[in-house]
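Line by line, the protein sequences are chains A and B.
First residue of the first sequence? That's 1 in the numbering used here, and the numbers climb one at a time after it.
First residue of the second sequence? That's 113 in the numbering used here, and the numbers climb one at a time after it.
Any given hint could be a false lead.
To be verified - Listed below are several chain A residues computed to face chain B (Cβ distance under 8 Å; list not exhaustive): (1) 96; (2) 98; (3) 105.
Derived from the structure by calculation, the hints contain no laboratory data.
All figures in this text were calculated on a predicted structure; none of them were measured in a lab.
The beta-carbon is built from N, C-alpha and C at its ideal position, and this holds for glycine as well.
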Amino acid sequence: DQQVKQNSPSLSVQEGRISILNCDYTNSMFDYFLWYKKYPAEGPTFLISISSIKDKNEDGRFTVFLNKSAKHLSLHIVPSQPGDSAVYFCAARASDNNDMRFGAGTRLTVKP
Amino acid sequence: SQTIHQWPATLVQPVGSPLSLECTVEGTSNPNLYWYRQAAGRGLQLLFYSVGIGQISSEVPQNLSASRPQDRQFILSSKKLLLSDSGFYLCAWTQGRELFFGEGSRLTVL
Chain A
1 DQQVKQNSPS LSVQEGRISI LNCDYTNSMF DYFLWYKKYP AEGPTFLISI
51 SSIKDKNEDG RFTVFLNKSA KHLSLHIVPS QPGDSAVYFC AARASDNNDM
101 RFGAGTRLTV KP
Chain B
113 SQTIHQWPAT LVQPVGSPLS LECTVEGTSN PNLYWYRQAA GRGLQLLFYS
163 VGIGQISSEV PQNLSASRPQ DRQFILSSKK LLLSDSGFYL CAWTQGRELF
213 FGEGSRLTVL
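Excised from the complex, chain A in its bound form:
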């Protein structure tokens, strides 16, 4: 079963604009959420995370928002840059579990 879902397989944004990537989860035991960025033929790299005790975490151009009641999180990139073009994976884990569940990914293309 897919406990973490990214329903948009792709997103295209103009350089300088905001990119918003969305993620939904079903497991209410998840209490830590992460975003990873992946270039072709490389391993994913950790981008930003948020604990369930918060509803927002910001790191430079990247902000993650968490809506626990809706079981939804989003990643905002402002302003978007061509170098941000990659596949973005949403991930979630529960404190009492050793595994991490990933969404299917969203391919972001930032056009110059």
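Using the hints, position chain B against chain A.
Frame of chain A, contents of chain B only:
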């Protein structure tokens, strides 16, 4: 600092042949280790994870197996590959809340 390496980076194997992918972590001890697979057009599927030497948890029944013969070594194996085993295999480690991935191994089964 901690580093993770996996090899080979690219592998082309015939159906029915064996497989061995190796992953090594440096700069840490007693990490949790993971094998994920990214099939074409799909997300990251957790295959195995290990919390210690000889301790393997399997997420998906299939013809793959994993072993952890040493604290910082994680091996993914198969006795007979299937066409459906093709994909991008990723090793990862953690000691906290974030996973850190290796460079990945591209497996093509023909």
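(request) Verify the interface restraint on residue 105 (chain A): the C-beta must sit less than 8 Å from at least one C-beta of chain B. (result) holds, 5 Å
(request) Answer holds if the nearest beta-carbon of chain B is closer than 8 Å to that of residue 98 (chain A); otherwise answer violated. (result) Constraint on residue 98 (chain A) satisfied, holds at 6 Å.
(request) Tell me if residue 96 (chain A) is really an interface residue toward chain B, meaning its C-beta lies closer than 8 Å to one of theirs. (result) violated, 13 Å
Checked against the numbered hints given earlier, the structure breaks only hint 1 and satisfies all the rest.
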